[in-house]
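There are 2 protein chains.
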Amino acid sequence: MSADNAICSAIIIDQQKVDRVNKTLPPAEETKEMATLFKALADPTRLRIVQSLLLEELCVCDLSTIVKVSISAISHQLRLLRTMRIVKYRKQGKQVYYSLNDEHITQLIRTATEHVRE
Amino acid sequence: MSADNAICSAIIIDQQKVDRVNKTLPPAEETKEMATLFKALADPTRLRIVQSLLLEELCVCDLSTIVKVSISAISHQLRLLRTMRIVKYRKQGKQVYYSLNDEHITQLIRTATEHVRE
DNA sequence: TATACATTTGATCAGTTATTCAATTATTAT
DNA sequence: ATAATAATTGAATAACTGATCAAATGTATA
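For the record, the sequence lines run as chains A and B. The working numbering numbers the first residue of the first sequence as 34 and each following residue consecutively. The working numbering numbers the first residue of the second sequence as 34 and each following residue consecutively.
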């Protein structure tokens with residue numbers, strides 16, 4: 034029987050290290066927000082949308098064509114990106130044009146691209 | 034009845050734009066790989082592990098204490114990060130010490146931190 | 001005002017994921 | 001050898017997620 038359920042049983046291997054890391058880590062709440070940001074880019078459909086909007090402002094219909102998923106699916110994902118303020122939109126006649134709203138997104142995608150291309 | 038199921042019905046709003054974007058977008062396969070990378074950082078537990086390893090090389094037991102989840106849960110997540118070559122490990126006695134294996138991860142976390150702090 | 005088009009929305013369903021639990025492996029010390 | 005500790009693993013389960021379908025909003029044009 035091991036101490037699987039416990040949080041590392043009663044034993045800590047290196048207390049000083051643990052203290053040091055605990056002192057330096059950002060608040061857990063911030064980590065959660067960051068995870069949420071990464072999650073926004075963690076789906077191929079959403080990431081493809083963002084990659085497209087990196088190039089051009091696009092309406093929902095054209096996004097659907099480019100990303101090759103249904104308009105409904107695109108719209109659902111756009112809502113999520115909207116809620117997270119990753120994209121913004123403007124209405125023009127019947128169309129709704131989406132574009133990127135955040136410069137950090139560009140940098141994240143650039144770094145991730147480097148990663149997969151190396 | 035709308036054209037929900039179709040891929041943007043038969044109509045494209047701006048064919049030139051669509052062509053331009055399609056020509057410039059990276060291969061879909063690359064987008065998938067990038068999404069997988071983001072997914073690795075899209076969970077609070079995993080992100081917390083990575084943030085900790087950014088500061089110090091740590092054994093599983095101490096990671097468990099710091100991240101405040103069971104050793105088993107930590108180990109499962111470490112396996113995923115190992116598979117993705119985001120972390121590496123070395124054995125020393127009964128302990129297994131994990132550390133970061135990828136410089137891009139540092140940059141991704143730095144950018145995401147800026148994002149949530151702004 | 002009808003009609004068509006572009007988009008949004010809510011419900012549902014299948015597939016995925018993170019944790020827990022129990023058992024196992026590996027290493028060290030007695 | 002035996003016991004104890006550190007870590008890994010596989011199965012089971014509950015929660016989450018992304019796509020589809022059907023229906024409902026706008027918005028513009030005939």
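Hint data in this document are derived by calculation from the structure and do not stem from the laboratory. It should be emphasised that the depicted structure is a prediction, and the values quoted were computed from it without experimental measurement. A couple of the hints might just be wrong.
Identical copies go unnamed one by one, so any copy, or any two together, can satisfy a pair.
[Unchecked claim] Subject to a maximum C-alpha distance of 20 angstroms in a straight line, what follows is the list of computed SDA-like cross-link-like pairs (lysine to any residue):
| hint | residue 1 | residue 2 |
| --- | --- | --- |
| 1 | Lys72 | Thr139 |
| 2 | Lys121 | Val93 |
| 3 | Lys72 | Ile142 |
| 4 | Lys124 | Ile44 |
| 5 | Lys127 | Ile142 |
| 6 | Lys50 | Gln128 |
| 7 | Lys124 | Val51 |
| 8 | Lys72 | His137 |
| 9 | Lys72 | His148 |
| 10 | Lys121 | Leu88 |
| 11 | Lys65 | Arg143 |
| 12 | Lys101 | Thr57 |
| 13 | Lys72 | Leu113 |
| 14 | Lys121 | Ile44 |
| 15 | Lys56 | Ser105 |
| 16 | Lys72 | Thr146 |
| 17 | Lys72 | Ile46 |
| 18 | Lys65 | Leu87 |
| 19 | Lys72 | Lys127 |
| 20 | Lys65 | Ala75 |
| 21 | Lys127 | Gln140 |
Verification of the supplied hints:
1. Lys72 x Thr139: both (15 angstroms within a copy, 17 angstroms between copies)
2. Lys121 x Val93: within (12 angstroms within a copy, 42 angstroms between copies)
3. Lys72 x Ile142: both (13 angstroms within a copy, 13 angstroms between copies)
4. Lys124 x Ile44: between (59 angstroms within a copy, 18 angstroms between copies)
5. Lys127 x Ile142: Neither, since 31 angstroms and 39 angstroms both go past 20 angstroms.
6. Lys50 x Gln128: Answer is between; shortest inter-copy Cα gap is 15 angstroms, intra-copy 56 angstroms.
7. Lys124 x Val51: between (52 angstroms within a copy, 19 angstroms between copies)
8. Lys72 x His137: both (14 angstroms within a copy, 17 angstroms between copies)
9. Lys72 x His148: both (17 angstroms within a copy, 14 angstroms between copies)
10. Lys121 x Leu88: Within one copy only: 14 angstroms inside a chain, 36 angstroms across chains, cut-off 20 angstroms.
11. Lys65 x Arg143: The answer is between: 15 angstroms across copies meets 20 angstroms, while 22 angstroms in one copy does not.
12. Lys101 x Thr57: Answer is between; shortest inter-copy Cα gap is 15 angstroms, intra-copy 44 angstroms.
13. Lys72 x Leu113: Result: close both inside a copy and across copies, 11 angstroms intra and 16 angstroms inter.
14. Lys121 x Ile44: neither (50 angstroms within a copy, 24 angstroms between copies)
15. Lys56 x Ser105: neither (46 angstroms within a copy, 24 angstroms between copies)
16. Lys72 x Thr146: both (16 angstroms within a copy, 14 angstroms between copies)
17. Lys72 x Ile46: neither (33 angstroms within a copy, 30 angstroms between copies)
18. Lys65 x Leu87: The answer is between: 17 angstroms across copies meets 20 angstroms, while 25 angstroms in one copy does not.
19. Lys72 x Lys127: neither (31 angstroms within a copy, 35 angstroms between copies)
20. Lys65 x Ala75: both (15 angstroms within a copy, 9 angstroms between copies)
21. Lys127 x Gln140: Answer is neither: 32 angstroms inside a copy and 40 angstroms across each miss the 20 angstroms cutoff.
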